[in-house]
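These protein sequence lines map, in sequence, to chains A and B. full-length UniProt numbering numbers the first residue of the first sequence as 1 and each following residue consecutively. full-length UniProt numbering numbers the first residue of the second sequence as 1 and each following residue consecutively.
The hints are simulated quantities; they were obtained by calculation from the structure and are not laboratory data. Every value quoted in this text rests on a predicted model; they were computed, and no experiment measured them. Some clues are possibly wrong.
[What the hints assert, rightly or not] Label pairs and their calculated CB-CB ranges:
#1 A/Ala146 with B/Glu73: 15 to 25 angstroms
#2 B/Asp138 with A/Gln135: 23 to 33 angstroms
#3 B/Glu73 with A/Ala155: 44 to 54 angstroms
[As the list claims (entries may be wrong)] Taking beta-carbon pairs under 8 angstroms as the criterion, some of the chain B residues facing chain A (in silico):
#4 Ala44
#5 Met75
#6 Thr76
Beta carbons are placed, not taken as given, at the ideal position from N, Cα and C, and that holds for glycine.
2 protein chains.
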Amino acid sequence: MSEAPNPTGPALVELLGMVAYGELLAFDRMAADARLAPDLHRRAVLSEMAAVEIVNYRRLATRLTELGVEPAEAMTPYVAALHEYHDSTEPKDWLEALTKAYVGDSIADDFFREVAACLAEPDRQLVLDVLHDSQYADYACHEIRAAIAADPKLANRLSMWARRLVGEALSQAQRVAAERVALTVLVVEGTGDQAGVAALFKRLTAAHTGRMTAVGLNN
Amino acid sequence: MSEAPNPTGPALVELLGMVAYGELLAFDRMAADARLAPDLHRRAVLSEMAAVEIVNYRRLATRLTELGVEPAEAMTPYVAALHEYHDSTEPKDWLEALTKAYVGDSIADDFFREVAACLAEPDRQLVLDVLHDSQYADYACHEIRAAIAADPKLANRLSMWARRLVGEALSQAQRVAAERVALTVLVVEGTGDQAGVAALFKRLTAAHTGRMTAVGLNN
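Using the sequences plus the hints, can you model the full thing?
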């Protein structure tokens, strides 16, 4: 991102609301995914990772309250889009759940990291902190690689699944971008212009492709 | 309980394994119940309470590891019984979820508190600490009372639901008692004899009846 326009007001609240709801949903989804775990040990690991998201949620909710905004109110605009995304991409098993976390969380984290660059302190650091804390993608990466090494046929099914996830995520992202004007303006201004937005998408896509290759999936 | 026989070995591991699995399940169930919450604020509150259970789980798992036992191994014997209990008592809405937490968690906590009295330190304090930390029952009590005050007809449906919960819980508890011999011996020795066990059940029942009355439900 080319500059830090120091946004306050609507754009900051929209961003923090989105990240906060993302944490609450990440918690929810990891807790649900834990039920798909093939053994008690993995289930406990995932449950412990889920609990970390709540600590992050609390930090974001506290910051929103400081800014004079009810956290629930700031999160509400994202409920429908994220609900639809998750409803249309319900994992059927443990590996689909892991792939979803690996693909989706990583793209979301990359995006938020770019947007964080548009923020002033303390919000920039707050967003970077909560993103950094997410361990699920690393764990998922490790598990997916091991599963594909043990059964190479899995790569095809999981690659198709990953493509579907990206498609659904993009369609909900467009919806959010159209509805959250202040946030969209922040991203466009932060990247410079329309060409900057295109460059941002190119970076996100390249990083995604690299991650797919890293675990043995095809883009 | 009449004495503290200072159990080590199988009974202690069986008890800590049961409490640890209880925490993991409480987390799981509260995370699932959060999805039934009527608004984002309540959903966040419940998610934050769920995360506390994981901190407790970690303490118990660490203690089991210290005792040379793999936590997953110590928890495994309780998976089937608790799974069946929860499967047969899936709440259909937010108030059923709250009632289940209020009724079930409170009876379980009372029982574990009695059994903790049979333990030596540091395990006695550990069990009491993790029980004390459970805030869901108090929260549920408050919400149920408010809901019944607003709509007294609810009391009948929730009273029937509570009776079903107790029935299912007792049938699974009998199964665990028959399978976990060391733990059952600990409870019988801790209470003194068969009459002591009967007195224990009487105390648990009396406390349950008191809690039902407190929120406006019939036993």
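The hints, checked one at a time:
1. At roughly 22 angstroms, the beta carbons of A/Ala146 and B/Glu73 sit within the given window of 15 to 25 angstroms.
2. Judged by the Cβ atoms, the range 23 to 33 angstroms given for B/Asp138 and A/Gln135 holds: they are separated by roughly 31 angstroms.
3. For the pair B/Glu73 and A/Ala155, the beta carbons lie near 33 angstroms from each other, so the given range of 44 to 54 angstroms is not met.
4. At about 6 angstroms, the closest approach between the beta carbon of B/Ala44 and any beta carbon in chain A falls short of 8 angstroms, and the interface hint on this residue holds.
5. Annotation: interface hint on B/Met75 holds; nearest CB of chain A at approximately 6 angstroms, less than 8 angstroms.
6. Checking B/Thr76 against chain A by beta carbon gives a least distance of about 6 angstroms; that is within 8 angstroms, so the hint holds.
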